[in-house]
Each structure stands twice: as C-alpha cells, then as structure tokens.
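Residue numbers (the numbering used here), protein chains in the order written: chain A, 1 to 250; chain B, 1 to 225.
One should not assume that every hint holds.
[Unchecked claim] Which bits of chain B does chain A cover? Going by a derived footprint, with three or more residues having C-beta under 8 Å, they are:
#1 79–86
#2 97–106
#3 113–121
#4 165–172
#5 214–221
If you are wondering where the hints come from, they were derived from the structure by calculation, not from laboratory data. We treat Cβ as the ideally placed atom computed from N, Cα and C, and that holds for glycine.
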Amino acid sequence: MDEFAPLDCLLPSGKQKICLVILNQPIDERYFHVLWSKAKIRACADGGANHLYRLTEGRRESFLPDYINGDFDSILPEVKAFYTQKKCKLMETPDQDLTDFTKCLAIMVEEIKAQKLQIDTIVTLGGLGGRFDQIMATLETLFHAQKMTDLPVVVLQDRSLAVLLQEGRQHHLNVNTGLEGKWCSLVPVGSTCLTTTSGLKWNLDNQVLAFGQLVSTSNTYEDHDPKGGRKPVTVTTDKPLLWSMGIKPL
Amino acid sequence: MDEFAPLDCLLPSAKIRACADGGANHLYRLTEGRRDSFLPDYINGDFDSILPEVKAFYTEKNCKMMKTPDQDLTDFTKCLAIMLEEIKAQKLQIDTIVTLGGLGGRFDQIMATVETLFHAQKMTDLPVVVIQDRSLAVLLQEGRQHHLNVNTGLEGKWCSLVPVGSPCLTTTSGLKWNLDNQVLAFGQLVSTSNTYEDHDPKEGRKPVKVTTDKPLLWSMGIKPQ
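One chain only, chain A, in its complex shape:
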C-alpha cells in the first residue's frame, strides 16, 4: 500500500507533485516559498490574494497566481485590479452554498485534468485559524473534496497540518521527513469512527472515536531506534477521520 508523507510538501527535496491553494489567512512565509516553487498550479481563494499581494511586495510579478476565485467580497479592489492587469484568471464564483475554498478546489481539479498533470497532493495555506466558523468550514470542504477527487488535500497553518483520511482503506502515513513536530491527533469530526492504528504512542485497537467518548489529541509517535526511522503510522477507519499533526519550526 502506498505511503503518504503529509509533510513531504514542505521538504525542498520532497517527492510529491503539488498544487497550491492560498486562503484568507496570514501566510506562513517559511512555508510559502517552498510550496510556491514546487506547485504546478497556484491559486488564491478570494481574500487569499490580499495576503499574497502583501507578502510579495517588491517582487509581485514573480508570484502571480494562475487563478483567483471567489465571490470577491474579501479581495481588496487594489489587489483585484493588480492581478487582473497582470492577466491572472479572475473567476467570479458567486455565493451559493459552497465556500470559496470548495469552489477553488473544484476549479483546481478541473485544471489538473485539463492540463493532464500528474499531481500527488493539493496543499492549502491557511484555514485552521481565525474566525471559528471558517475553521469549521475548512473541515467541511475537506469532506466535499473527498467526493471531488482522490487526491489528498492537506491544510497547513502556523504549526499545524490537517488532512482528512478516507474510510475503507489502510492509510500509511510517513512521519519521517524530519519536519514532524511532537504532537499528532485523530479527531472523528462529523460522526463516530471505528479506528485501528499503529505507530502512535497511544494506539487504537478497533476502538470507537467519538466526541463525548474518546477523541485522540496530544497523541505522539511511538518511540523508535534513532538509527532507524520512525515506522509509518497506519490508520484504518470506517468513516472519514481527521488526522492532524504538529510541524517543527522551519
């Protein structure tokens, strides 16, 4: 079974081919440069463009997104004008029941197909901080993403990474990139999850994870021989299960 290394995307020498989505949250500059340079397609969801614009002051031409989508209620007029003038695709995706993030992913999946790209992961900057309902909306988008694509959608902000693990298969998470922070977590967002794991300090053995019953936070990796690497964390679940982990300061 293929291994997936969630933090591979932050390794300059990482093997994964990625696409990048920038959301409306302050951008971690340390992550930005690695991800931007590796990404085959780069997009901003609405106000994400404001953060890109601010971060790349002085050299904005070198950091033009392939497209910016949204209802455009967050993007500043000056920012919108700039990227329009630079011929970035501005795709107005008006308010419906779907968030700008969800719509950005939908476009991303179409672009990947249209350009016949080999992509391993869609990486998202932002989404795990700020307005609380928007954090929840990020999680909802991860659920929708599973119906749109088999590609993992990884979300990064500050020193947290989150990815939704699909039901019905054994996940092998490579946690040996050297960028792993100390903590990790499995959270049954949305429903109970019958879960089995290995490679964690506190593993689950066909146990039910559920809010109000048992939720795995402040978990960590099992001890390992420093000469060997960490063994992959394996996870099986019967419903989508949210994996999150800490990122070492870069």
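Given the structure of chain A, go ahead and fit chain B onto it with the hints provided.
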C-alpha cells in the same frame, strides 16, 4: 423557556476565576504592574506549560495550586470539574462558565476544547461559553429548545451551527438561513457564514431558536469593542 444571551458574559464580573496550566502565563503577562489585583482563585494542570517564575509568583500569593496530573482528561476539562465543585462548595448561584482561549493555536487543542464541551454537558447543566479573538462557541444540548438572545449589541455579523460529533436533526428560527427539521452533517450540510434575520431597527432582534437531537455547536462573531 428561559433565554440565554451568550455575550452577556462580557459585561459583569466573575465569581470564581481560574487558570488552566499555561493560562497563568498569559494572566501574568497581561496584568504586569498590577498583578496583585488579578489573582486567580486556583490554577490547575499537570504544570508542564506554566513557567517556573509564574508558578512561584502565584504560589507565593497563596493562590490554590492544584496539580491534576496527566490522564486522559485535558487541563481544561479538569479545570471545569474543579470549578463545579467550588460552585457547589461555596453555594454560588452561577449562570454561565466563561472560558478565555481555546479556539486558536495548535489545531488538536482546538478540537480538544470542543471535546471538553461535550464532557462538560455530562458534568453540569450550566452553559460553558468559549471566547477567543472575535469568536464565541457554545455547545447546545440535545432535546430542548434553545432561545438565544442575540441583542446585547455585542453581536458580530456571522453565526454558525456545526454538527461536530454526529448528524443533527435541526430546526431554527431567527437566522437568515433557517433550518426546518433538516439534517446538519459534515459532508452534507454545515451552517457557516450564517447571519441573523433582518429586523426592525427600532425593536431588538428576536431570539434565535434552535432545537437539535444531538449536541450542536453554536458559534458567533463578536463585535470589536
């Protein structure tokens, strides 16, 4: 049915004040120059976050330091458990337990906050409100109609209903996008970026009413003060 105003708590003063572990560091920093006027009644935790200088200061000031070592429960959950005992022991009339922090930072800790809210429902009938930056969250119990007073003047523009632990059969009124005996569930329908229904500015907003068959997470924006 009695009304509950989530933002009412930003007005009056607290009867009991506590820090969960590293919360004491933030209290210490914020109250520099007048720390003696802001002594917590107790600080609990496994004490792996509180700084030695901070711990020494509050110990010396005779704040109750209650070591609640690592188990399966977070410092927040244990802090609430102690809070409930104190409320009972002091025979206090309390309406709400308010928590500062919990909705930002390490992502698993945000999830742990939500888990604590579930545990809290088994520990007490008192609402436990969590506030950070400009967000407030409170877990609405199943099986009763909640009347949320959203007329304090401190309400921000957005509100939200999120079925965190399981699908929730939900009915609401008073929202711009109401639910009419509909299932809220991740992957199906989650209410975020909702807002309040229009109202006559001369009158106040009508209460938001929510019924749910499983615990449902209400959150709302707070106006900048």
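Evaluated hints:
Only when three residues or more bring their CB closer than 8 Å to a CB of chain A does the claim for the segment 79–86 of chain B stand; here the count is 0, and the claim is violated. Against chain A, the segment 97–106 of chain B contributes 4 residues with a C-beta closer than 8 Å to a partner C-beta. That satisfies the three-residue criterion, and the hint holds. Against chain A, the segment 113–121 of chain B contributes 5 residues with a C-beta closer than 8 Å to a partner C-beta. That satisfies the three-residue criterion, and the hint holds. A count of 3 residues in the segment 165–172 of chain B with a Cβ less than 8 Å from any Cβ of chain A is obtained; the coverage claim is therefore met, three being the minimum.
Counting residues of the segment 214–221 of chain B whose beta carbon lies closer than 8 Å to any beta carbon of chain A gives 4, which reaches the threshold of three, so the coverage claim holds.
In this structure, the one hint that does not hold is number 1.
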